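For this one, chain A is given, so just place chain B on it according to the hints.
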Amino acid sequence: LAKTTQPISMDSYEGQEVNITCSHNNIATNDYITWYQQFPSQGPRFIIQGYKTKVTNEVASLFIPADRKSSTLSLPRVSLSDTAVYYCLVLNSGGYQKVTFGTGTKLQVIP
Amino acid sequence: GAVVSQHPSWVICKSGTSVKIECRSLDFQATTMFWYRQFPKQSLMLMATSNEGSKATYEQGVEKDKFLINHASLTLSTLTVTSAHPEDSSFYICSASRTSVETQYFGPGTRLLVL
Chain A
52 LAKTTQPISM DSYEGQEVNI TCSHNNIATN DYITWYQQFP SQGPRFIIQG YKTKVTNEVA
112 SLFIPADRKS STLSLPRVSL SDTAVYYCLV LNSGGYQKVT FGTGTKLQVI P
Chain B
1259 GAVVSQHPSW VICKSGTSVK IECRSLDFQA TTMFWYRQFP KQSLMLMATS NEGSKATYEQ
1319 GVEKDKFLIN HASLTLSTLT VTSAHPEDSS FYICSASRTS VETQYFGPGT RLLVL
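These protein sequence lines are chains A and B, in that order. Position in the first sequence (from 1) plus 51 gives the number in the numbering used here. Position in the second sequence (from 1) plus 1258 gives the number in the numbering used here.
So that you can see chain A by itself, here it is in the shape it has in the complex (with noise of 0.2 Å):
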């Protein structure tokens, strides 16, 4: 399983973008990133899924270099609605899945 590291806390002002990288040094080959978000006593939103290069759609980017060993979540123009944990995990695609929950980064958009 490959491990995953974040920092555990960023602060960011409305309106801002705000990048969120995540390091995957052990990533296998079948292996795909996969960024939640999970607000207080709520379950966790599924944002953004990639395996390389970049990845976009209505809410969020996700950034892979060629390497793979980490990936970027891109917010852009953060609301204080963003204000959550932001959890990066690595999946693997060629059979059974065990989820492991890192310890996530805490995102608190300031006024």
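Please keep in mind that the hints were generated in silico from the structure rather than gathered at the bench.
DSSO-like, lysine-lysine: derived pairs with alpha carbons at most 30 Å apart: (1) 1299/B with 157/A; (2) 1299/B with 54/A; (3) 1278/B with 1299/B; (4) 120/A with 54/A; (5) 1322/B with 1278/B; (6) 105/A with 120/A; (7) 120/A with 157/A; (8) 1324/B with 1278/B; (9) 1322/B with 54/A; (10) 1313/B with 1278/B; (11) 1272/B with 1313/B; (12) 1313/B with 54/A; (13) 54/A with 103/A; (14) 1299/B with 120/A.
As the structure is a prediction and not an experimental result, all values here were calculated from the model.
Same frame as chain A, but now just chain B:
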């Protein structure tokens, strides 16, 4: 799409009683469902994985006789906390995926308080 519900959203019970939590995939069939527990200010901890029609696979340190999991259909899994004690008080979250290797979609969680 990919909506997962849990019931109840919160429950308070007396020590020694059993509590059942339901997890449903509302708009897709979930071959695999997962159960997690989350204590305050901590990350999610996987308790067990269940595949429809099969016995659940429990993580190390999770008592299978205490946390009974049933996944009898492709849209419903239940977690029963038997003989609950105050230390079982936690936030229980389920997730569901179409297959064991696809994206997991999480329920809203169930807050359990054992008095």
